[in-house]
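S.K.: This is what each chain is made of:
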Amino acid sequence: MKSIKGRMIVKFDLHQKDKVTFGTLKLYVPNRADVNENMREGYPTLSTVVDGGETELKEGDVIVSEHTLLENTGQWIENIDGIVTMSIPIKSDVVIYGKIDEKGDVIPLFDNLVCERIQEGFSSSIIITPDIYKKVENNKAIVLRVSKNSDIKEGEKIVYYRYSDYELVYFIDGIERKAIMVKRSDIVGIEK
Amino acid sequence: MISPLDQNVLIKPEPITETKLTNIVFTNPKPATRKGEIISVGKDVEWLKKGDIVVFVPTNTVETDGLFLVDASLTGKILFKYN
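Chains as they are written, first to last, in numbering that gives the first Met the number 0: chain A, 0 to 191; chain B, 0 to 82.
Extracted from the complex, chain A is given alone in its bound form (with noise of 0.2 Å):
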């Protein structure tokens, strides 16, 4: 099965979305909002390559993406017991947050990047602030990791609109990692 231009092909459990073994490794996705957690935090779902077309991702790569994109019905190529290959497109205004690598890293792509919020305290030479007291600056992160061809570098310091993160929360083997997500279209400006 090859994809045409424009387009890629993934398949994916329709029962189990939010789980996938890939190699060694054992991947959840978990619903923030099922745990009472901030509801603004979206439901990633996970999916495999089949073919990665024009993009960098080769058969067998796991990506994850917003759950909206796997839900559209009408670009279903077939569904076989529950295993459902679909056609996705390549474009800017689809959410494919990244793919994950063999230690369990996302690697961003699509013009998404990896990013760590920035923290600050109280400036003191005497009090050392605690964690809880410590105020993370909702639209300022330093980059960890880019797409390709993006032209911000990594290590920067970039200033974004607020609240356009987006925490992906992930475990690989039981342990949870977290991914502070940002988009390039949301990024403003860059302090240097």
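Just so you know, the hints here were simulated from the structure itself, not pulled from any lab data.
Treat each hint with caution, since some may be false.
Pairwise CB distance ranges, derived in the manner of DEER restraints [to be verified]:
| no. | chain 1 | residue 1 | chain 2 | residue 2 | range |
| --- | --- | --- | --- | --- | --- |
| 1 | A | M0 | B | G50 | 53 to 61 Å |
| 2 | B | K42 | A | M0 | 39 to 47 Å |
| 3 | A | K156 | B | S72 | 20 to 28 Å |
| 4 | B | E36 | A | N78 | 57 to 65 Å |
Nothing here was measured: the structure is a model prediction, and the numbers come from that model.
Where is the CB? At the ideal position from N, CA and C, for every residue including glycine.
Start from chain A and add chain B according to the hints.
M.R.: Chain B only, in chain A's frame:
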């Protein structure tokens, strides 16, 4: 120092206080528009330059360290410039 990207500009706003003869300072906490001077511009901004005085809508813009990062595209937040 912040460098604006693409079609964004960095604006230093004028303070939003009014001093009356009685020395009572009136402050409007959420004005609909703000006036300010452009400090730097992104690479895609053509119709504005450093030093321009503009009036902009501060809602849904990024405010950091007392400065505003405002989208200067035609559908953006800048209403007009003075000079």
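S.K.: Please check whether K42(B) and M0(A) have a Cβ separation lying inside 39 to 47 Å.
M.R.: holds (42 Å)
S.K.: Look at the Cβ atoms of E36(B) and N78(A) and judge whether their distance stays inside 57 to 65 Å.
M.R.: Hint holds: Cβ distance 59 Å, inside 57 to 65 Å.
S.K.: Range hint 20 to 28 Å: satisfied by the CB atoms of K156(A) and S72(B)?
M.R.: holds (24 Å)
S.K.: Within 53 to 61 Å: is that where the Cβ-Cβ distance between M0(A) and G50(B) falls?
M.R.: 58 Å Cβ-Cβ, so the 53 to 61 Å window holds.
The structure agrees with every numbered hint stated previously.
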